[in-house]
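Undergrad: Chains as they are written, first to last, in my numbering: chain A, 328 to 547; chain B, 328 to 547; chain C, 328 to 547; chain D, 328 to 547.
Be a bit skeptical, because a hint or two may be false.
When chains are identical, the list treats them as one kind, so a pair holds in a single copy or across two.
Computed list of lysine to any residue pairs in SDA-like fashion (alpha-carbon distance at most 20 Å, straight line) [what the hints assert, rightly or not]:
(1) Lys475 with Thr401
(2) Lys355 with Thr448
(3) Lys355 with His368
(4) Lys355 with Ala441
(5) Lys475 with Glu459
(6) Lys355 with Ala430
(7) Lys355 with His431
(8) Lys475 with Leu393
(9) Lys355 with Val492
(10) Lys355 with Gln365
(11) Lys475 with Gly360
(12) Lys355 with Gln369
Think of the hints as simulated: they come from the structure by calculation, not from any bench.
Number of protein chains: 4
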Amino acid sequence: MDRGRLEAFSDGVFAVAITLLALNLAVKGPGYGSLAHQLGHQWPGYVAYLISFFTIGIIWVNHHTLISNVVVVTRVLLFLNLVLLLFVVLIPVATGTVADYLAHGGFDAKLAVAMYGVVLTGMSVGFSSIAEWSLREGRTRVPVPPDKRWAARIRFMSGGLVYLVITGCAFISAPLALGLSGLVAVYYVFERTPVVGIWGKNTGAAESGGPAGPAGPRDT
Amino acid sequence: MDRGRLEAFSDGVFAVAITLLALNLAVKGPGYGSLAHQLGHQWPGYVAYLISFFTIGIIWVNHHTLISNVVVVTRVLLFLNLVLLLFVVLIPVATGTVADYLAHGGFDAKLAVAMYGVVLTGMSVGFSSIAEWSLREGRTRVPVPPDKRWAARIRFMSGGLVYLVITGCAFISAPLALGLSGLVAVYYVFERTPVVGIWGKNTGAAESGGPAGPAGPRDT
Amino acid sequence: MDRGRLEAFSDGVFAVAITLLALNLAVKGPGYGSLAHQLGHQWPGYVAYLISFFTIGIIWVNHHTLISNVVVVTRVLLFLNLVLLLFVVLIPVATGTVADYLAHGGFDAKLAVAMYGVVLTGMSVGFSSIAEWSLREGRTRVPVPPDKRWAARIRFMSGGLVYLVITGCAFISAPLALGLSGLVAVYYVFERTPVVGIWGKNTGAAESGGPAGPAGPRDT
Amino acid sequence: MDRGRLEAFSDGVFAVAITLLALNLAVKGPGYGSLAHQLGHQWPGYVAYLISFFTIGIIWVNHHTLISNVVVVTRVLLFLNLVLLLFVVLIPVATGTVADYLAHGGFDAKLAVAMYGVVLTGMSVGFSSIAEWSLREGRTRVPVPPDKRWAARIRFMSGGLVYLVITGCAFISAPLALGLSGLVAVYYVFERTPVVGIWGKNTGAAESGGPAGPAGPRDT
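Let's have the full structure, built from the sequences with the hints guiding it.
TA: Structure, rendered in structure tokens:
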């Protein structure tokens, strides 16, 4: 199994999932009140769309950084990757449910955002399991030195923990929990992915994709 | 015709099909009872989603192992591959039908799961026909020795047979047949694909994708 | 512009279009009569699905053969390719309309199949325009000798003509015209694509994708 | 991060978005008046489909030209690219809204086309931000000389401005604004992308994709 096809399949799933997100924003059409009224009522949909779009975008960026460092592709890695995608693919549906129920308030709104949190937690667990797999000797081009493994583990596991806390928060306040998911996305856009940052040596080159980095532009 | 584009097109189809699976889990929205009630009623949908997701995932993994070993891409192979994809593409629709009818019980539930079994049988036949095609001398990098061809045939054909039996079982009990499909998926996740295992020599390297294997990470 | 990305984008469109075809086969769910009844009523959908699936599959195979021979990618080629994709993308919708109206008979059935014929004609015109573009000196690896260009033209243009005739036939009999579209698909599955067959020299190698052919497996 | 996967993911999103466009043209099926009547009523859908199809096609062509010139892939570029895709993905939904409301006239039609204009403006801003990013020294293979940067800026920013004006026009006349969007698409089909035209030296080779150009066919 070569890395290229693992990436191609994953990219396809990420691309379809991120495009399906927008379908939740379709209006019902003439006969359901004025268009301005319908668009105005959709505001939770816009917020949820933005958060989910950048969340999937960030997973894609970090997935790439992680996988481009991998040198052996085993069946275990393929199935851990499937677990990650299992949850990525649920994000459009969970986002649509949040968009439908958030403005209605009550327990339904809380449950919708909690489900959204569960999906993001599952996605984060899938990602962490791939990162954990990659820590073992000989699986990556730039290995993580043994004494830095726990630091790496704590970093990628904290993402799942934050999403778990958000899931719990949803039962206190649905908008608060959704807002926190948005903050996590903003944080990850501005923070560099920890994977190469902590583990690699050629950090700068890895980021710039320069020829000396582990993932130069000529790499695929 | 080069192998790269056969893989790219197939990966695209696998990726879209696996992502569409999740759309079956969308709830109807406010006005159809509480969200908790709607989610609770969807349990057959979650079960069917999980089974179909890993079934498509396994086909993708095995498809890759099989195709990466191929050295000549003929029109016959392209059309056998289309037959496989013809059934892969039907999995989301068949899964949705199972999700809709399983809880209703009666003949409709049995028929829905039987149809699902027919689609999986067809998919398995498509896969076997590609495997059969690849047995001929000079078509693969690591050829199967003539005395081992029947063993290989029996292994990849048994998958289709199992799905055929499951299709029959559906008329006795729909949940039983669906459960058996799930067991098949679990079996294939933990069993290594027989293709390289039986046929190849560098089994370990092939699995790890190491540089000595027939499908090293630099291959694409 | 490199050929790789033209192929990747086209493959993506072909893959999504061929997967969306299956969505037309979804049943309405409980409450619309027994499942057996609903499935029985869908027979035009199955026929239309099969014809469209293999029609898109054939276009994809021939598109690849044609493009893999191209050495210069100009803006004109990119836009001719977009014209082809403009019609490919309409095939799922046109197929769904045929599936919905064929059994109803009358003028609606005829119009639905005629529209389907128009989409296939447009697709064929798009393909022919790419083939025509590729005839000019220096645009392909294996050029067509000037004295064989008209023979090539007649071959790829006859496809469009056949679909135009089928469109006309639809107004006489919708099932007849749909059946003829199916025959065209069967014909193209068993006939080799004329492009390399007529134009190229290394016909056998081109078909087998051998290392001597213009599109060996190492090509991408 | 290598350029190949940035392109693969973007191509996937472009391909799914351009294919989803056609779904807006599906008719409601038997029971909603004759098929001829339904198809006749859909004319705004056909117009909007054509304009959006070529608009996405043009963005894809120009995106490729721009990215193929890039030598370093940074996180900033990845997120600017996500901003572009955020709006690309909204085009099918915005197109569907225009198709639904244009014939109804009144403020709803104006608002639908204005929203469409906002999405195209956002897409143009996303594209311009990538182009702006690429102007800095050392980020592209064929750099833009400092004295030509403002000329380049004016060219790629004028696209966003035109779409902003179209958005304003929508409140005067919806069909006029939609027609103007169509004219912009026609203009871009026939005009060469300014990016390499202004900035590069090997303009001709870049366009023909010849071996001497910055993006020859062997490039990926």
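Undergrad: Hints first: check each against the structure and report whether it holds.
TA: For each hint, the structure was consulted:
no.	hint	in the structure
1	Lys475 with Thr401	neither (24 Å within a copy, 25 Å between copies)
2	Lys355 with Thr448	neither (31 Å within a copy, 24 Å between copies)
3	Lys355 with His368	both (12 Å within a copy, 17 Å between copies)
4	Lys355 with Ala441	between (26 Å within a copy, 18 Å between copies)
5	Lys475 with Glu459	within (13 Å within a copy, 38 Å between copies)
6	Lys355 with Ala430	both (17 Å within a copy, 16 Å between copies)
7	Lys355 with His431	both (18 Å within a copy, 14 Å between copies)
8	Lys475 with Leu393	within (16 Å within a copy, 39 Å between copies)
9	Lys355 with Val492	neither (35 Å within a copy, 28 Å between copies)
10	Lys355 with Gln365	both (8 Å within a copy, 18 Å between copies)
11	Lys475 with Gly360	neither (59 Å within a copy, 51 Å between copies)
12	Lys355 with Gln369	both (11 Å within a copy, 16 Å between copies)
In summary, the numbered hints that this structure violates are 1, 2, 9, 11.
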